[in-house]
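Undergrad: Please construct the entire structure, taking both the sequences and the accompanying hints into account.
Residue numbers (my numbering), protein chains in the order written: chain A, 75 to 233; chain B, 2 to 587.
It should be emphasised that the hints constitute simulated quantities derived from the structure, not laboratory data. Keep in mind the model is a prediction, meaning the values are calculated, not measured. Heads up, some of the hints might be wrong.
[Stated by the list, open to error] Derived DEER-like restraints, expressed as beta-carbon distance ranges:
id: 1; chain 1: A; residue 1: Leu83; chain 2: B; residue 2: Val585; range: 47 to 57 Å
id: 2; chain 1: A; residue 1: Leu84; chain 2: B; residue 2: Val585; range: 45 to 55 Å
id: 3; chain 1: A; residue 1: His224; chain 2: B; residue 2: Leu447; range: 18 to 28 Å
id: 4; chain 1: A; residue 1: Asp179; chain 2: B; residue 2: Asp484; range: 23 to 33 Å
id: 5; chain 1: A; residue 1: Val173; chain 2: B; residue 2: Ser442; range: 27 to 37 Å
id: 6; chain 1: B; residue 1: Pro587; chain 2: A; residue 2: Leu83; range: 45 to 55 Å
id: 7; chain 1: A; residue 1: Leu84; chain 2: B; residue 2: Ser511; range: 44 to 54 Å
id: 8; chain 1: B; residue 1: Ser511; chain 2: A; residue 2: Leu219; range: 46 to 56 Å
id: 9; chain 1: B; residue 1: Gln579; chain 2: A; residue 2: Leu83; range: 21 to 31 Å
id: 10; chain 1: A; residue 1: Leu176; chain 2: B; residue 2: Asp540; range: 19 to 29 Å
id: 11; chain 1: B; residue 1: Gln411; chain 2: A; residue 2: His224; range: 40 to 50 Å
id: 12; chain 1: B; residue 1: Gly515; chain 2: A; residue 2: Val173; range: 31 to 41 Å
id: 13; chain 1: B; residue 1: Glu506; chain 2: A; residue 2: Val146; range: 29 to 39 Å
Where is the CB? At the ideal position from N, CA and C, for every residue including glycine.
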Amino acid sequence: MTKNPLVRLLTHEYVALALRLYIGGLFIYASMYKISYTAEFAETIASYQLVPYWAVNVLSVFMPWFELVCGVLLIIGFRAKSAVVLIGGMLVMFTIAVVVNLLRDSPIPCGCFSSVEDPISWWTVVRDLIWVAMTVHIYYFDKILHLENHFTSRIEKIA
Amino acid sequence: MDQRRAPNPSAGPPLQPPVEASRESSGERRAFHLDALFETVSELSRLTDPKEVMETFVLMSMGALGTAQGLLVAQDRRSGRQHLVLRGLPESDKERLPDAVQSVSAKIHNEGEMLSRQVLVVVINESPEKPGLPEPLRVVVEWYLDEHRFGVLGYGPKVNGSAYDHQDEDFVLQLVTAFMDALASASVNETIRGLNEELQARNTELQGALLASQDIQTRLDRRYFHFKSICDTTRELSGNLHAKTLLSSFLLSVMGTFSAQQGFIVLWDRRDNRIEIVTRGFGDDTSPVFDAQRLDAVFRSLLHPPFVPAQGEKHYQVLTQDELQALELAETSQVGAAFLLDDNWYGLAGIGNSLARSEDDQGERELLPALLQGFLVSLGNALAFETIQKLNSDLLRKNAELRQTLDELQQSRQTISLLEATANRFSSLLRSETLRIKRVSLFDCLALALVSLVLALVFNASSPGGISLLPETWGQPRPDYIDVAWAKLKHESQGALFLDARPTEFYNQSRIVGAENLPLNLFDFVYSMRFAMLDPEKDVVVYGRNISRRYDEQVAAKLKERGMVNVRVMEGGLRQWQRNGLPVEP
Numbered sequence: 075m076t077k078n079p080l081v082r083l084l085t086h087e088y089v090a091l092a093l094r095l096y097i098g099g100l101f102i103y104a105s106m107y108k109i110s111y112t113a114e115f116a117e118t119i120a121s122y123q124l125v126p127y128w129a130v131n132v133l134s135v136f137m138p139w140f141e142l143v144c145g146v147l148l149i150i151g152f153r154a155k156s157a158v159v160l161i162g163g164m165l166v167m168f169t170i171a172v173v174v175n176l177l178r179d180s181p182i183p184c185g186c187f188s189s190v191e192d193p194i195s196w197w198t199v200v201r202d203l204i205w206v207a208m209t210v211h212i213y214y215f216d217k218i219l220h221l222e223n224h225f226t227s228r229i230e231k232i233a
Numbered sequence: 002m003d004q005r006r007a008p009n010p011s012a013g014p015p016l017q018p019p020v021e022a023s024r025e026s027s028g029e030r031r032a033f034h035l036d037a038l039f040e041t042v043s044e045l046s047r048l049t050d051p052k053e054v055m056e057t058f059v060l061m062s063m064g065a066l067g068t069a070q071g072l073l074v075a076q077d078r079r080s081g082r083q084h085l086v087l088r089g090l091p092e093s094d095k096e097r098l099p100d101a102v103q104s105v106s107a108k109i110h111n112e113g114e115m116l117s118r119q120v121l122v123v124v125i126n127e128s129p130e131k132p133g134l135p136e137p138l139r140v141v142v143e144w145y146l147d148e149h150r151f152g153v154l155g156y157g158p159k160v161n162g163s164a165y166d167h168q169d170e171d172f173v174l175q176l177v178t179a180f181m182d183a184l185a186s187a188s189v190n191e192t193i194r195g196l197n198e199e200l201q202a203r204n205t206e207l208q209g210a211l212l213a214s215q216d217i218q219t220r221l222d223r224r225y226f227h228f229k230s231i232c233d234t235t236r237e238l239s240g241n242l243h244a245k246t247l248l249s250s251f252l253l254s255v256m257g258t259f260s261a262q263q264g265f266i267v268l269w270d271r272r273d274n275r276i277e278i279v280t281r282g283f284g285d286d287t288s289p290v291f292d293a294q295r296l297d298a299v300f301r302s303l304l305h306p307p308f309v310p311a312q313g314e315k316h317y318q319v320l321t322q323d324e325l326q327a328l329e330l331a332e333t334s335q336v337g338a339a340f341l342l343d344d345n346w347y348g349l350a351g352i353g354n355s356l357a358r359s360e361d362d363q364g365e366r367e368l369l370p371a372l373l374q375g376f377l378v379s380l381g382n383a384l385a386f387e388t389i390q391k392l393n394s395d396l397l398r399k400n401a402e403l404r405q406t407l408d409e410l411q412q413s414r415q416t417i418s419l420l421e422a423t424a425n426r427f428s429s430l431l432r433s434e435t436l437r438i439k440r441v442s443l444f445d446c447l448a449l450a451l452v453s454l455v456l457a458l459v460f461n462a463s464s465p466g467g468i469s470l471l472p473e474t475w476g477q478p479r480p481d482y483i484d485v486a487w488a489k490l491k492h493e494s495q496g497a498l499f500l501d502a503r504p505t506e507f508y509n510q511s512r513i514v515g516a517e518n519l520p521l522n523l524f525d526f527v528y529s530m531r532f533a534m535l536d537p538e539k540d541v542v543v544y545g546r547n548i549s550r551r552y553d554e555q556v557a558a559k560l561k562e563r564g565m566v567n568v569r570v571m572e573g574g575l576r577q578w579q580r581n582g583l584p585v586e587p
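TA: This is the structure:
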């Protein structure tokens, strides 16, 4: 046992599985509100003052579904690598947006889960960074309970 | 010969006186010489054998000359023979005589040409000194008839001891001349006799040849007839490919050839137990009847070693009278034959009541086998033709089946090709998918985005909470604008109402001094509470846009809808106002 028990714990595949399920569920939960109240989400995106006015509506319609699809695929383990990469990308994008608006001192809510929230703060940034770290962990150590692996092994037997 | 010798003593009467006797004897001797010459010529002319001519000549001339020793050598260069006649001389001298002839031959050769019928007296009253000639000789004469015949004549001394005189010499010359004439005539006669004998022999041979040629002609005519029969039969049979008509044709040909009035032929197929029988000239009661049992008995009795051939070979046997009687066929058939083509086909034939039957004729005995041979060949061809026809029909059917099988096989091959191609594509696709699953790919990301977009659009279109994808301001008419400078003048003169269209949080953060807040999301509520009583003619300046929203344009549009006629949007917004250094409050 040359490895540190803490390192071994952190790199265990079951930890990766737990994180995968958490992040997937998180994104599915977040997308539910946004899909239901597209107009409010549009206002939230507009309040960030980062997206051109002609793209705000399109983005407010598309983004929730994108989050939902990536979350579902991540949980069932189908194209999980791509899904986790996309989710990580979205989290990075959210983090950057929050940081920019914090530097502007904009009095806007986060808009992640509902429109009635506390304004963005540096704790919001910390939270997002933690989520990004989780996605990185999932990318490198997640191996088990993929629906795709089941089909892959079956296909390899056939081929 | 003895009679010739008898006058000799009377020719020389020694009792007469010498003087008178000399004159009288001279005339008498001349007459004697002539008489002797005549007799010699007469005698020689009757002889035909050269050797007899020589011997007679020597004896008669010796008698006439009165000598007891004489020799004659004749050389025939054409035939290479040499005749010797020796009288009163020892036999030992015979071996040396050829030398004498050689000298004559040498002389002839050296002189080039000698005259024909020339006589040369080389020795007279002397002893010859030439090689090969006996010592006692006193007269030597060389004679030359022609280039082929020549020789030497010699005489010993006279018995009365006198020398040869001129009359004697002349007499010898005449004698030799006569001898040469007789010799030539005898040679000619001999030649004629030989030719005559040869001619007679040739005539005899010619007669024999004529007789033989007549015999050969007779046999040749018969052979020609047989050959013509065989040829006609073979030609007739060879074009026939049906067994039954072949049997009939053959039977008719054989009956015609043998001048027979009745005949039959049977063909038996043992495997199928079929019997083909053709009969001609028989009455109903005398026609032979054959069935399987009888034919089996017939061939069982015939199948002894000489008759059973090698495997699969055609074979026939001409039946003798005894065999015909044993088979109970002698009453109706005079000539019969049994034949078989192979292990399966057996046959029996018989002809009877022949008009021109000749038992001893060899050609007749050979004719039936020859006809049978041709018939068997044709029968084999006919049976083979039937087999070939059956095989051809089988082959046609098999060809049709084979063609169908080939078509099906081709279609199957095409199907297999398609299936293999499909399987290969599926395998490669699955393998590539399997490899791709292990890593992140742009395709997957794009696919996820596309799926999300489709779902989003569908849901947005069908959901009651759906929104327009395009900004609202694009469908609205262009508002009236006022630049910052004019806005500043109005602001200083208190001549216009400044409205901030941004959300409340941004209004609270920074605004133009004296501006009122009319946020877009609370427009109806705030307007009804605070601006409903506003004079429609009052000047209104609206500001408050950002990159994501154009609140000012939207609020201005709503104010126009409510009857405000002097609503303007400030160009540049709050940012430009601040950049110009104009007053703002916190």
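Undergrad: For Gln579 of chain B and Leu83 of chain A, compare the CB-CB distance with the range 21 to 31 Å and indicate the outcome.
TA: The hint (21 to 31 Å, Cβ to Cβ) is violated, given that Gln579 of chain B and Leu83 of chain A are roughly 55 Å apart.
Undergrad: How does the Cβ-Cβ distance of Glu506 of chain B and Val146 of chain A compare with 29 to 39 Å: does it lie in that range?
TA: Distance hint for Glu506 of chain B, Val146 of chain A holds at roughly 35 Å.
Undergrad: Is it true that the C-beta distance of Ser511 of chain B to Leu219 of chain A lies inside 46 to 56 Å, as the hint says?
TA: Given a distance of about 53 Å, which is inside 46 to 56 Å, the answer is holds.
Undergrad: For the pair Gln411 of chain B and His224 of chain A, does the Cβ-Cβ distance stay inside 40 to 50 Å?
TA: 42 Å, holds
Undergrad: Holds or violated: the 45 to 55 Å window for the beta-carbon distance between Leu84 of chain A and Val585 of chain B?
TA: 52 Å, holds
Undergrad: Tell me if the beta carbons of Leu84 of chain A and Ser511 of chain B are separated by a distance inside 44 to 54 Å.
TA: Given range 44 to 54 Å: holds, Cβ gap about 47 Å.
Undergrad: Does 31 to 41 Å hold as the CB distance between Gly515 of chain B and Val173 of chain A, or does it fail?
TA: 34 Å, holds
Undergrad: Are Val173 of chain A and Ser442 of chain B spaced within 27 to 37 Å by their CB atoms?
TA: 30 Å, holds
Undergrad: Is it true that His224 of chain A and Leu447 of chain B lie within 18 to 28 Å of each other by Cβ?
TA: With Cβ atoms ~25 Å apart, the hint holds.
Undergrad: At the C-beta level, are Leu176 of chain A and Asp540 of chain B separated by a distance inside 19 to 29 Å?
TA: 38 Å, violated
Undergrad: Regarding Asp179 of chain A and Asp484 of chain B, is the given constraint of 23 to 33 Å on their beta-carbon distance met?
TA: Holds, at about 29 Å.
Undergrad: Does the Cβ distance between Pro587 of chain B and Leu83 of chain A fall inside 45 to 55 Å?
TA: 52 Å, holds
In this structure, the hints that do not hold are numbers 9, 10, in rising order.
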